[in-house]
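Q: Spelled out from the first residue to the last, the chains are:
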Amino acid sequence: MSLLEMKNIRKDFFGNQVLTDINLTLEEGEVLGLVGENGAGKSTLMKILFGMDVIRDTGGYEGDILLNGQKVDFKTPFEALAAGIGMVHQEFSLIPGFTATENILLNREPRKKSVISEVFGERLDVLNRKEMTRKSEEAIRKMGVHIDGDMVIHDMPVGHKQFTEIARELSKDQLKLLILDEPTAVLTEKEAEALLASIRGMAAQGIAVIFITHRLQEILDVCDKVVIMRDGCVVKDVPSGETDIPEITRLMVGRQMSSVLQTEIRDNPDAPIAMSIRKLWVDMPGETVRNVNLDVREGEILGIGGLAGQGKLGIPNGIMGLYDAGGEVTLRGEKIPLNSPRECLNASMAFVSEDRRGVGLLLDETLEWNIAFPAMQIQNKFLKNYLGGLIKWRDEKAIREITQWYIDELAIKCTSSRQKAKELSGGNQQKVCLAKAFALEPGFLFVSEPTRGIDVGAKSLVLNALKRFNRKSGVTIVMISSELEELRQTCDRIAIVSGGRVAGILPASESAEQFGLLMISQVK
Amino acid sequence: MSGKQQNAGKTAFTFLRNNTVPLMFILICAVCIPISGFSPSYLLNEIITRLGRNAFLILSLLIPIMAGMGLNFGMTLGAMAGELALIFVSDWQIWGIPGVVLAMIVSIPFSVLLGWVCGKILNMAKGREMITSYIISFFINGIYQLIVLYLMGSVIPIAHSSIKLPRGYGIRNTVSLLNMRQCIDNLLAVRIAGVKIPVLTLLIIALMCILIVWFRRTKLGQDMRAVGQDIQVARDAGINVERTRIISIIISTVLAGFGMILYLQNIGNLSTYSAHSQVGMFCIAALLVGGASVDHASIGNVFLGVILFHTMFIVAPQAGAVITGDSMIGEYFRVFVSYGVITLALIMYEMKKRRQKANIGEQLALAQKEEEQHE
Amino acid sequence: MKAKLASFVASFGLPRLIITGFLLALFILAPIVGVDLPMQITNVINRFSWNAILVLAMVPMVHSGCGLNFGLPLGIISGLLGATLSLEFGFTGPMSFVMAVVISTPFALVLGMGYGALLNRIKGGEMMIATYVGFSSVSFMCMMWLLLPYHKADMVWGLAGKGLRTTISLEGYYDKVLSNFLQINIGKISIPTGALLLFALLAVAMWAFLHTKTGTAMTAVGSNPTFAKAAGIKVDKIRMLSVVMSTWLAAIGILVYEQGFGFIQLYMAPFYMALPAVSAILIGGASVNKATIVNVILGTLLFQGIVTMTPTVMNSVIHTDMSEVIRVIASNGMILYALTRRSEVSR
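One line per chain: the protein sequences are F, P and S, in this order.
Residues 10 to 533 in this note's numbering are what the first sequence spells out, letter by letter.
Residues 172 to 546 in this note's numbering are what the second sequence spells out, letter by letter.
Residues 464 to 810 in this note's numbering are what the third sequence spells out, letter by letter.
Bear in mind the hints are in silico, worked out from the structure with no lab data behind them.
Computed from a prediction, not measured in an experiment: that's the story for all the values here.
All C-beta atoms in this analysis are idealised placements derived from N, C-alpha and C, irrespective of residue type, glycine included.
Please note: incorrect hints may appear among the correct ones.
Cross-link-like lysine to any residue pairs, in silico, SDA-like; alpha carbons within 20 Å at most [stated by the list, open to error]:
(1) S/Lys676 / F/Glu352
(2) S/Lys697 / F/Asn348
(3) S/Lys692 / P/Arg525
(4) F/Lys393 / S/Lys676
(5) F/Lys144 / F/His169
(6) S/Lys753 / F/Gly367
(7) F/Lys431 / S/Val751
(8) S/Lys676 / F/Lys121
(9) S/Lys615 / S/Gly695
(10) F/Lys288 / F/Asn302
(11) P/Lys367 / P/Tyr213
(12) S/Lys692 / F/Asp333
(13) F/Lys121 / P/Ile383
(14) S/Lys692 / F/Ile387
(15) F/Lys170 / P/Met452
(16) P/Lys181 / P/Ile199
(17) S/Lys676 / F/Asp404
(18) F/Lys393 / S/Ala668
(19) F/Lys390 / S/Gly695
(20) F/Lys393 / S/Val667
(21) S/Lys700 / F/Asn389
(22) F/Lys429 / S/Asn752
(23) P/Lys523 / S/Ala580
Cβ-Cβ distance ranges computed for the label pairs, FRET-style [claimed, not checked]:
(24) P/Ile438 / S/Phe734: 55 to 63 Å
(25) P/Leu378 / F/Thr142: 24 to 32 Å
(26) S/Met607 / P/Ser445: 39 to 47 Å
(27) F/Gln26 / S/Ala488: 56 to 64 Å
(28) S/Phe475 / F/Gly435: 40 to 48 Å
(29) S/Arg584 / F/Arg287: 28 to 36 Å
(30) S/Gly725 / P/Gly339: 32 to 40 Å
(31) F/Thr67 / P/Asn411: 44 to 52 Å
(32) S/Pro569 / P/Arg362: 57 to 65 Å
(33) S/Gly725 / P/Val384: 54 to 62 Å
(34) F/Gln226 / P/Asp407: 30 to 38 Å
(35) P/Asp407 / F/Arg209: 25 to 33 Å
(36) S/Ala488 / F/Thr67: 18 to 26 Å
Stretch-level coverage of chain P by chain S, calculated; a stretch enters the list once three of its residues show a Cβ under 8 Å from a Cβ in chain S [what the hints assert, rightly or not]:
(37) 203-213
(38) 269-275
(39) 287-300
(40) 315-329
Input sequences plus hints: build the corresponding full structure.
A: This is the structure we're talking about:
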């Protein structure tokens with residue numbers, strides 16, 4: 010009997026199928042490597058296994074999960090924990106001012122009873138510090154990597170925080186299965202090696218491990234078997250001895266070329282350089298990049314791709330002044346001052362942010378305001394001047410006209426141009442963001458994750474609108490996306506960012522495997 | 172060598188920055204004490220009196236700070252609960268130490284109820300607890316007035332006409348507590364070189380400190396610290412965040428109620444409608460003067476704060492009068508300083524939060540530079 | 464029908480409904496218990512004219528996302544400085560009002576800029592710090608009123624010959640200058656046209672400002688500061704502008720209040736003046752991040768209506784004056800309600 014068995018797991022988010030017929034088995038003490046591009050469905054699968062709220066809130070899942078042959082259906086992560094499943098998430102879940110020991114035993118502290126607690130309830134038990142130290146030391150020993158239990162978390166190097174989280178899971182006596190979601194992403198090489206050794210140690214003690222990472226060598230080094238996912242399906246389930254990195258890469262990103270609608274691709278090496286980026290660093294939390302050197306050619310659509318968290322989003326956000334940045338950016342020979350959105354916009358650049366709700370839209374205001382606002386503020390459009398320009402009055406009529414024009418042009422579904430932005434669907438909100446940028450009539454456009462969170466139909470509408478805008482008006486576009494396929498459909502050239510730097514630039518016609526290799530080339 | 176010096180300079184600077192407020196106060200006191208011309212024994216006497224009067228009240232602020240709810244401006248609620256209890260006890264004519272003890276017991280249900288309401292409301296206003304607790308204190312003050320001024324004697328039976336307004340209902344502006352005045356302070360009191368030391372009061376305060384130290388080591392205390400530092404992590408670990416926060420406010424309110432009763436037995440009379448109105452402000456100011464901040468406060472801060480703040484309070488009017496010839500200047504000065512200290516502490520807290528975020532960019536530029544040098 | 468009613472209650476807010484209902488009840492009760500209604504209406508209109516500009520001062524900071532301006536006393540102090548200096552310099556009659564406005568303006572600008580710079584450095588904690596900036600500045604000015612070298616006999620303590628009095632009569636200066644300007648009397652009701660006109664002028668100016676390019680930017684900054692930043696708006700500058708506007712309006716507001724009231728009140732008087740203004744605009748339907756001119760007018764009318772009507776009507780009904788208690792509970796309850804709403808942006 011297997012420790013864990015997942016049978017025909019299916020899951021959709023509002024009609025959008027993200028997992029199709031997933032089958033998985035895992036034995037006691039086995040290490041399973043789970044790989045796939047972002048959006049392949051790995052995290053959704055793990056969320057289902059771990060009973061996360063988001064799954065139930067979006068309508069649950071289909072299929073069966075069997076633990077030791079017993080069917081289980083966790084309502085909360087706490088039930089999963091009680092059943093012996095532990096998970097180390099990508100984001101740290103640690104109390105910064107507590108020591109490692111306190112964090113390891115957070116809310117499971119050993120206590121001593123006293124007279125007071127007998128009367129007033131067990132929350133007045135005194136913590137048993139000695140026992141806490143003993144238990145945390147035991148967990149740290151089990152892990153096999155030494156960390157100081159008395160050290161306060163915010164004084165720790167980031168790797169030790171990761172180990173603290175792992176030790177927390179190991180301190181749970183019932184632990185049978187541990188899920189590690191990209192645990193090596195924040196570790197130094199030495200620490201990563203130590204972690205791999207510790208995974209082997211855990212397996213030897215009979216704990217099964219599901220190990221998610223983009224570093225394929227680690228998978229081959231430590232796992233018993235590899236499961237490769239793509240587009241919500243398991244494409245291969247194979248013992249790690251019977252495969253190699255090129256094959257895994259191909260399976261991860263590879264698709265039949267025929268399925269991709271190849272539109273016209275231009276690769277014109279003689280075109281003048283529109284924008285040149287030198288030695289750019291950007292401090293965007295979770296998406297930092299450094300030493301970026303990149304040339305964007307006049308009139309092309311340049312794609313920037315790469316796995317999540319590798320820094321591709323940092324490039325447009327840094328150049329457009331939304332996050333701290335340094336380095337040199339020139340647009341058609343003019344130097345662009347960094348950290349100043351105003352100067353960028355004045356230089357006829359525009360940006361469609363990946364964070365629609367946070368940055369892209371005034372959710373509480375009308376479509377009219379959303380679309381006209383930047384053009385009004387930057388270029389004094391849609392304004393009536395009185396008293397020789399002293400009073401710049403909002404020209405509601407002009408605003409309504411331009412909004413209506415874009416509503417028709419981009420087929421934005423809304424009740425009227427005065428509807429509030431928050432009432433639209435994701436796809437239509439995205440179109441509003443595009444309209445906002447188009448209304449600036451930019452000479453250079455950054456578009457970040459234009460299809461994130463919108464359904465398939467809306468996706469192609471948005472991508473077509475972009476392509477049309479580029480081909481019609483000759484505007485240079487830099488498009489950033491996590492989805493390689495849509496980059497290959499839309500762009501002329503594609504740069505891949507990996508490990509916080511540009512790993513390479515290839516024409517969009519290049520094979521998916523080549524891009525795949527670049528994507529994981531410097532992953533850390 | 173120079174690196175060491177630089178380091179020492181940096182440490183000194185951090186020390187100065189973290190202790191601006193207490194240092195400032197030491198300076199103010201150092202200047203004002205000689206000018207005021209008070210004798211040391213008079214000063215000492217006053218300070219010890221005020222220590223006994225106020226320390227318990229200020230201790231009640233510690234627990235919400237631990238639970239990350241900031242300065243509990245809602246401690247006024249506890250003060251009101253204590254006053255309600257005292258009104259009842261004086262109506263029942265139970266005096267002396269039994270009266271004080273009974274008042275404390277009677278105050279508990281009021282405090283728990285008010286603390287629960289306050290905690291519930293604060294859970295609905297996460298992120299702006301302080302302004303909300305501040306407004307709550309005004310709101311509940313309205314309700315308190317409604318009860319004491321209109322319902323007592325008409326709906327709620329009040330037997331003794333001595334505390335009732337002449338019109339037959341409502342409580343007089345002042346309720347005399349002469350019969351329990353300083354009953355706790357005087358029991359076991361000793362005089363050393365003319366300085367009266369209220370031993371029992373100080374013992375009670377010491378006991379409270381021990382209780383707080385003990386509380387920090389309990390499971391509930393640990394949970395509160397966790398909730399105070401990161402609500403989301405605490406919730407993920409299975410701690411009932413909302414309940415923990417409410418409990419911290421309830422404890423604070425109950426303690427504030429006790430503190431107010433101790434405070435009033437020292438004063439010896441109760442200004443029914445105004446005794447509580449300033450108490451929150453003065454306690455918070457004193458705590459901050461002792462070096463506490465919005466997210467961190469220790470028992471040491473409480474005592475240092477009481478001593479420094481009240482020294483200033485005693486000497487400022489006299490010193491002001493000597494300097495300007497107008498005694499009102501000193502009165503206004505100490506009010507200004509109280510508000511100024513709270514303002515300063517709030518500003519420093521918010522700026523510290525922002526400063527912590529600012530460093531990452533610099534580090535990144537540095538890393539890139541290092542890398543270039545290697546290449 | 465029931466659902467419609469429920470959604471109306473939800474959007475209007477239960478406290479607001481209770482307060483409106485309470486005021487209506489007072490109006491209905493008034494003639495029954497024999498209260499002089501025209502006189503009451505005159506009172507309400509008068510008090511509206513005194514207070515409306517102070518409430519209007521809330522609007523710019525709410526629009527720019529700085530929240531409710533609990534630091535209103537800072538602006539009031541600018542106004543008080545203008546008023547006392549105008550008198551000290553010997554201006555009388557209507558001229559003293561004009562000069563008070565003129566003199567208080569630079570104070571309001573400078574204090575507003577300092578206040579704005581401070582608020583820009585502590586984004587997210589504005590309301591609490593604003594409250595205490597107000598308190599500190601009032602208590603600081605308490606010392607200054609004593610120390611500043613004022614000499615005008617009408618204003619200083621008679622015996623000492625220095626230090627300003629706590630209340631200074633405006634008779635012979637600008638007492639009722641606006642209220643009496645073009646005053647209309649219909650039967651027993653009298654309307655302080657001048658004061659209402661000044662409010663109308665400022666309210667229209669505010670409305671117009673919100674329709675200009677900069678005004679639009681201000682609303683956007685309040686609605687989503689990151690959006691505004693990405694659209695090239697200098698967020699800090701706009702916030703600063705809103706704080707200066709608010710402070711200046713508070714200065715003008717207190718001058719108008721004084722001309723109606725007839726006295727300058729110094730020392731601790733400005734201390735709690737922010738709270739009535741804050742609760743008035745909230746009662747009028749504003750929230751922590753949205754406010755309109757209609758909210759100002761409606762809120763001031765409702766709030767002042769309750770303040771003036773409760774004492775008289777309640778007195779006639781139950782022969783006790785519970786108005787103070789009711790005012791405290793209603794106004795602070797309203798502020799509490801607004802603070803505990805999740806901000807309307809569904810982020």
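Q: Each hint should be assessed against the structure and marked as holding or not.
A: Structure-based check of each hint:
{"no.": "1", "hint": "S/Lys676 / F/Glu352", "in the structure": "holds (18 Å)"}
{"no.": "2", "hint": "S/Lys697 / F/Asn348", "in the structure": "holds (12 Å)"}
{"no.": "3", "hint": "S/Lys692 / P/Arg525", "in the structure": "holds (18 Å)"}
{"no.": "4", "hint": "F/Lys393 / S/Lys676", "in the structure": "holds (10 Å)"}
{"no.": "5", "hint": "F/Lys144 / F/His169", "in the structure": "holds (18 Å)"}
{"no.": "6", "hint": "S/Lys753 / F/Gly367", "in the structure": "holds (18 Å)"}
{"no.": "7", "hint": "F/Lys431 / S/Val751", "in the structure": "holds (19 Å)"}
{"no.": "8", "hint": "S/Lys676 / F/Lys121", "in the structure": "violated (66 Å)"}
{"no.": "9", "hint": "S/Lys615 / S/Gly695", "in the structure": "violated (51 Å)"}
{"no.": "10", "hint": "F/Lys288 / F/Asn302", "in the structure": "holds (6 Å)"}
{"no.": "11", "hint": "P/Lys367 / P/Tyr213", "in the structure": "holds (10 Å)"}
{"no.": "12", "hint": "S/Lys692 / F/Asp333", "in the structure": "holds (13 Å)"}
{"no.": "13", "hint": "F/Lys121 / P/Ile383", "in the structure": "holds (18 Å)"}
{"no.": "14", "hint": "S/Lys692 / F/Ile387", "in the structure": "holds (12 Å)"}
{"no.": "15", "hint": "F/Lys170 / P/Met452", "in the structure": "violated (40 Å)"}
{"no.": "16", "hint": "P/Lys181 / P/Ile199", "in the structure": "violated (25 Å)"}
{"no.": "17", "hint": "S/Lys676 / F/Asp404", "in the structure": "holds (10 Å)"}
{"no.": "18", "hint": "F/Lys393 / S/Ala668", "in the structure": "holds (17 Å)"}
{"no.": "19", "hint": "F/Lys390 / S/Gly695", "in the structure": "holds (15 Å)"}
{"no.": "20", "hint": "F/Lys393 / S/Val667", "in the structure": "holds (18 Å)"}
{"no.": "21", "hint": "S/Lys700 / F/Asn389", "in the structure": "holds (18 Å)"}
{"no.": "22", "hint": "F/Lys429 / S/Asn752", "in the structure": "holds (16 Å)"}
{"no.": "23", "hint": "P/Lys523 / S/Ala580", "in the structure": "holds (16 Å)"}
{"no.": "24", "hint": "P/Ile438 / S/Phe734: 55 to 63 Å", "in the structure": "violated (24 Å)"}
{"no.": "25", "hint": "P/Leu378 / F/Thr142: 24 to 32 Å", "in the structure": "holds (29 Å)"}
{"no.": "26", "hint": "S/Met607 / P/Ser445: 39 to 47 Å", "in the structure": "violated (26 Å)"}
{"no.": "27", "hint": "F/Gln26 / S/Ala488: 56 to 64 Å", "in the structure": "holds (59 Å)"}
{"no.": "28", "hint": "S/Phe475 / F/Gly435: 40 to 48 Å", "in the structure": "violated (31 Å)"}
{"no.": "29", "hint": "S/Arg584 / F/Arg287: 28 to 36 Å", "in the structure": "holds (33 Å)"}
{"no.": "30", "hint": "S/Gly725 / P/Gly339: 32 to 40 Å", "in the structure": "holds (36 Å)"}
{"no.": "31", "hint": "F/Thr67 / P/Asn411: 44 to 52 Å", "in the structure": "violated (25 Å)"}
{"no.": "32", "hint": "S/Pro569 / P/Arg362: 57 to 65 Å", "in the structure": "holds (59 Å)"}
{"no.": "33", "hint": "S/Gly725 / P/Val384: 54 to 62 Å", "in the structure": "holds (58 Å)"}
{"no.": "34", "hint": "F/Gln226 / P/Asp407: 30 to 38 Å", "in the structure": "holds (32 Å)"}
{"no.": "35", "hint": "P/Asp407 / F/Arg209: 25 to 33 Å", "in the structure": "holds (28 Å)"}
{"no.": "36", "hint": "S/Ala488 / F/Thr67: 18 to 26 Å", "in the structure": "violated (48 Å)"}
{"no.": "37", "hint": "203-213", "in the structure": "violated (count 0)"}
{"no.": "38", "hint": "269-275", "in the structure": "violated (count 0)"}
{"no.": "39", "hint": "287-300", "in the structure": "holds (count 5)"}
{"no.": "40", "hint": "315-329", "in the structure": "holds (count 4)"}
Hints 8, 9, 15, 16, 24, 26, 28, 31, 36, 37, 38, counting from the list given before, are not met by this structure.
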